[in-house]
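Asks: The residues making up each chain are set out below.
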Amino acid sequence: MSRLSRPTLLIQKGSVFVAEYTLIAEPPLAGYDETFGDMRLVAPADFALVSIALPLGREDKALKAIKTGYGVDLPEVGESILSKDGKVRLLRMAQDQAFVMFTHSKPDAAQVVSKKIKDSAYVTDQTDVWTALHLSGPSSRRALERICPIDLDTEAFAEGHVARTVMEHLGVVILRDAADSFVLLSASSSAGSFLHAVETSIHNVT
Amino acid sequence: MIINHPLLGPRDAAEFVYLGDASLIDRPDWQDEDAMDQFHAYGYLRDNPAGEHKELWYHEQGDRSWLVVTRNTLTHEITNVEIARDVARARGRDK
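Residue numbers (this note's numbering), protein chains in the order written: chain A, 1236 to 1441; chain B, 8 to 102.
The hints are simulated quantities; they were obtained by calculation from the structure and are not laboratory data. Values in this document were obtained by computation on a predicted structure and should not be read as measured data. Be aware that one or more of the hints could be misleading.
As the list claims (entries may be wrong) - Straight-line C-alpha distance at most 20 angstroms; calculated EDC-like pairs for lysine to aspartate or glutamate:
1) Lys1299/A / Glu1261/A
2) Lys102/B / Glu1390/A
3) Lys102/B / Asp1331/A
4) Lys102/B / Glu1294/A
Using the sequences and the hints, build the whole thing.
Replies: Okay, here's the thing in structure tokens:
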């Protein structure tokens, strides 16, 4: 992963002054945008992902704060929902965990979410850890059904549904954000292999 | 093998990691008189039933939940799947 660095100010360490560097992570698949037949595969720009863990014993308070902050109730496990203003998607990953997905260019996504839910839950910035791909087009389900063990039929996996599973031995979160449109998240450390797996599966149906 | 997760529905067993006998939930009290014997049994002694077996599975490539799966060791038929946290709480655990 390439990183941009620039010295921002000098800080004192003991008797010397050293430059303090601000590191800005660059997403590993940044700028990727390809079309295959009727499908388009894109690495979304300025993609931000923050995890929310509901504190033990204070779940109700956290759920209330999420409702106040985003205007919607946190959905059931395996489902996602757009915030009232339509800018943020809340994904319920597990009983006590949710992901907040939104577009944000600055490296302070966690603070933004923390503020929104008034520090009522544990928040971790996952932006650097995950890499995202967005696959859309009429054949996208056919392309994915070859590597995804989840049943992607609209009856079983409707719009807004989200699941964490394995594709080609890589842990992947799959979200259906429209009828023929999917968001895929995988570890940024294996982003290249992940892209290769998805591209190969697409080539098998085009 | 398919494990029917109580929250997520049917999932491939490849997404899960197996730990062992579900009796691991019942950790002995270290202040008991015979704590040494109890911990020896807890750590080393296992039943090896030919038939129904309650065991702990971890949904590592999923929602990271611990499950108590009732599986027949002869046929691999899974008859019941529960969230381990609910099982532990039903047995009086507070967390």
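Asks: For this structure, which hints from the list above don't hold up?
Replies: 1, 2
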